[in-house]
Amino acid sequence: MTATLEAGHEVETSEQQFATFYVGNILLGVDIRQVQEINRQLSVTEVPHSPDYVRGVINLRGEVTTVVDLRTILGLPHEDMGREGRNLIVNSQGESIGLLVDRISDILTLRSDQISPPPSNVDGVQGRFLSGVHTLDSEILVILNIEEALGDRTREE
Amino acid sequence: MSFDDELVAEFVVEANEHLADVENQFLTIEEAGSDVDVDLVNEVFRAIHSIKGAAGFLGLTKVNDLAHSMENILNKMRNLELSPNSAMIDVMLRSADKLQGLINDIQNSNDVDVSSFVKELEGITEEKQDSSPPAEAVAEESASEPAEEEPVDEEPVAEEAQAEVAAEEVATQPTSEEPQPEETAKPQAPASSNSANDKKKPATNTSVAPEASIRVPVGVLDKLMNLAGELVLGRNQLMQAIASNSGSGLDAIASRLDQVTSEVQESIMQTRMQQIGTVFAKFPRIVRDLSGKLGKQCNLNIEGKEVEVDKTIIEAIGDPLTHLIRNSVDHGVENPPDRIKAGKPVEGTMNLRASYQAGKVHIEIEDDGAGINPQKLKEKAVSKGIITADKAEQMSDREAVRLIFHPGFSMAAKVTDVSGRGVGMDVVRTNIAKLGGTVDVESTVGSGTNIVITLPLTLAIIPSLIVQCKNDRFAIPQVNIAELVRVRGEELTTRLGRVKDAEVLRLRGNLLPLVRLEETLGMHTSKSEVSEESTSSEAGEGNLSSEPADEAINIIVLETGQQRFGVIVDGLHESEEIVVKPLGRHLQKCPCLSGATILGDGHVALILDVAGVAVYEDISCNEELSGEELEGARTEQKEDSQYMLLFSNHPQEHFAVSMDVISRIERIRSDQVDSVGGHELLQYRNSTMPLLRLENCIIAKMAEQAERLYVVVFEVSGNEIGLVAPTLEDIRDVTMSIDAVTFREKGVLGSMVLEEQTTRYIDLFELAELTHPEWFEKHDVVHESEGQPPLILLAEDSNFFRKQVSEMIRERGYLVVDCEDGLVAWETLDSGEYEFDLVVTDIEMPNMDGFELSQRIKQSSQWGNLPVIALTSLAGSADIQHGIEVGIDDYQIKMDRDKLLNSIQNFAGKVAGNNRPALQTS
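Residue numbers (the working numbering), protein chains in the order written: chain A, 1 to 157; chain B, 1 to 922.
In case anyone wonders, no lab produced these hints; they're calculated from the structure. Mixed in with the good hints, there may be bad ones.
As the list claims (entries may be wrong) - So the derived label-pair ranges between C-beta atoms look like this:
(1) B:H573 with A:R40: 25 to 33 Å
(2) A:Y22 with B:E14: 46 to 54 Å
(3) B:V232 with A:R40: 28 to 36 Å
(4) A:R40 with B:T278: 41 to 49 Å
(5) A:R40 with B:N245: 46 to 54 Å
(6) B:N299 with A:D52: 53 to 61 Å
(7) B:H573 with A:Y22: 16 to 24 Å
(8) B:G101 with A:L42: 28 to 36 Å
(9) B:Q259 with A:I38: 45 to 53 Å
(10) B:R215 with A:Y22: 45 to 53 Å
Yeah, the Cβ is synthetic: ideal placement off N, Cα and C, and Gly gets one too.
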């Protein structure tokens, strides 16, 4: 039984789907299984005394959901959301969290051998937030490690 | 993980249920001593046995081992082969703790070494057989506490012994137990040798273990099911009504949905209610262990286990209560020698009581120990610089005792490992305040201390006031709100001031520290700001002089149980019952927020943590200045004054209404007012309320049309009625210097000059009588019945009120003798000229006040039976308490004529003589 389970596991890791999106001009991807929904709820209620990367909270069907600004987390300069801005809701440790992204792109299916380990730094983004990169025809897809990006940031500061 | 997660989770829940009672059962067994209660032991035996059985089945070897050893002893106990003693129970208790520990971290339980416990337990049974002295067990105990590697002399021996025990175990239970660890070890090995990446996952997974579950009575679930059916029905009706576009039955559907929703809410709250006994259960053990450790003797009595409170409160109250209990044992109860010296029984008594009081839960922790010495506390507080020596002088003992809740104050004279580990009483207080509760302490030196905690029944739904701050709305729990104060533009300079860099508000002779919400929260004016504000407040935030003179400010006076302070907000919205939603993990550290809620329009509003704001703004240090100053202002308050609501009907016409008779003030839209048959009605909470307009009742100019109106709601003979007050101006204390002639008409009591404006003083009851005379008919005129009408003695120093009240009583057909103060009243009574049936007296009077008058009357042999009604402005509870002490029979509000007359009728009856000495009437 263990053997079959492990085999199943193998299949899963070998091919993965990623939801991809832009923050600034960086193309990022997250494991699609972590994505709960994508919506246009961009007007947030600001939370006083919150960490700088938290934009505020929204009402997501009755749940008060934290919305974080990926730009701040990734160390990019602040910019207002454009018309194509979206709120990408991901599930992290059982909690829904919204990520503000500038534009949604495609869903990509990648085999694990198509993903290479992350360099220490991509476009100024720290390596620890990345779990890998994939080279497309014209650009690089950076795969985001959500747990690391949403992790306890006070530790390093 | 080699076993079925679901099964394991179930096991954990079940085992916890079994273990929950075991602790106290052991304690009871200990108490009974050799007089073994076999049934009880049996119960424990079964509990442990079930755990053992399930653990064996699931391959939880260590749990199984430990449970098995415990079971052995219990078996001997129930067969009366073993007589329980303290040392034995001690081992059993610690083993039960260990078992609990294993179960709480079930995934790793097989890696835990339990052999020392098993050995100790085996030791008990062997001991008995060898009838050797228990010294070994004690040595064992101490040896098992420190780290295992510690080279104690006996250690090698102990290790050998352990091996022996293990061997013995194999020998005694050769079949079932031993082989299992090997079996489970195999599947575990690959798990631990997994890649580093995988290693992280189990770490987070273990915390998921069993999701918290709760037991719900089936009846409640059935009710919820029914209600869910009702909801679906309501929804279907609603969909139909909308689809058919008729919109006719909508009202009925809405009110039905409203009702069902409220019931659903209530039932769901019920499912969350748990008995507080679950928290109390661990305290007998704590008291036992601790008093043993400290060489004291304590007895803990528990009452009110069955009191039910919300799950969230149950979870949160454990730590503060534990702290208080430990404190009582450590600092409260004295050492046996001291107790004997003080003439008390050697065994200290502690009472832990829970009860419902006025929709809240009271928890009392009482001990009969040494009490807290207020003098020592003061000295210490002064030496620590918490208060000044002057302040200490002025402090009452009660206030001084409360110093223990002050941050930076450790009650223990010396720091022990029991308390004084940096978790002070101030932490207890803050934690309780976070739950929306308060904590207070009372202590008598030499006879004990009593700590009283008051908690709300639930946290999930709280009535709150929604306020505006810049562009956002915030919810403030009503429990924290003392009052709302509006300071008009022209009063800003006189009522707001600065003391030592802190803004303060002058409020009835006291200085109240002020906080600006937008500054506290660091809110920034955003671009979409309303134009008038962007010009004014940006110029100099917090600088009073730059405040536009004509802008009134709203201040919410907040209380945390300890501090009292005002918060300036930009605007007030309605009061709502809000459902508390937790904030995400990134927002746990926000100091001023306790959660969030979703408002009716779908937007999120954050809930202010009032205690948090006080801490953040460091309010506590401002406390002292409120008391020090403005003694003069206080004395002037003695003059007869009333709280008045001031409003205008027309820009040139100002009116005042006594606050005491107002039930509440509503803000409505003018389209909510219907006109039916010449009467105006307000659609209001599924019923209608008649409305009055001043211009229809008295000589007054028409009010201007406005989109929104205020309605002053008051009650007449059980009917609610509203007076339209188009523009509210202020609520404040007004000295009663009234001209009762110039403007007197039915509905207007008189006039006064306030800020150079003539303000007419409205009698709401007369207004109501003008429009709804039928409400007043039923209790008209007493004297139609046979005999002499009752004779009433009225004592009131204000000419105005004396005339009002006396006229009012006379109108009802009573006879009245009025006196201008208590002394005159007493002389009149004492002269024996009249035979009175009732005394109605004001409280604040020159020469002799109402308390003294009542006391004299009640203490006299002649007039002791004469009922006394006291007239007050909204009575403070301290006043009422005092009144009860001196024998006042009833309190009534001066201007609430309805209730006053009812009360008079109750006490005086309809005919004279009811209250005169019984001999005359019978």
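Here is what the structure says about each hint:
1. Remark: the range hint 25 to 33 Å for H573 of chain B to R40 of chain A is upheld by a beta-carbon distance near 27 Å.
2. Between Y22 of chain A and E14 of chain B the Cβ separation comes to about 51 Å, which falls inside the hinted range of 46 to 54 Å.
3. A beta carbon spacing of about 31 Å between V232 of chain B and R40 of chain A agrees with the range 28 to 36 Å that was offered as a hint.
4. The supplied range of 41 to 49 Å is met by R40 of chain A and T278 of chain B, whose beta-carbon atoms lie about 46 Å from each other.
5. Taking the beta carbon of each, R40 of chain A and N245 of chain B are about 30 Å apart, not inside 46 to 54 Å as hinted.
6. Between N299 of chain B and D52 of chain A the C-beta distance comes to about 55 Å, which sits within the given range of 53 to 61 Å.
7. Between H573 of chain B and Y22 of chain A the beta carbon distance is about 39 Å. The supplied range of 16 to 24 Å is therefore violated.
8. Between G101 of chain B and L42 of chain A the Cβ separation comes to about 48 Å, which falls outside the hinted range of 28 to 36 Å.
9. In this structure the supplied range 45 to 53 Å is violated for Q259 of chain B paired with I38 of chain A, their Cβ-Cβ distance being about 38 Å.
10. Between R215 of chain B and Y22 of chain A the CB atoms are about 50 Å apart, so this pair conforms to the stated range of 45 to 53 Å.
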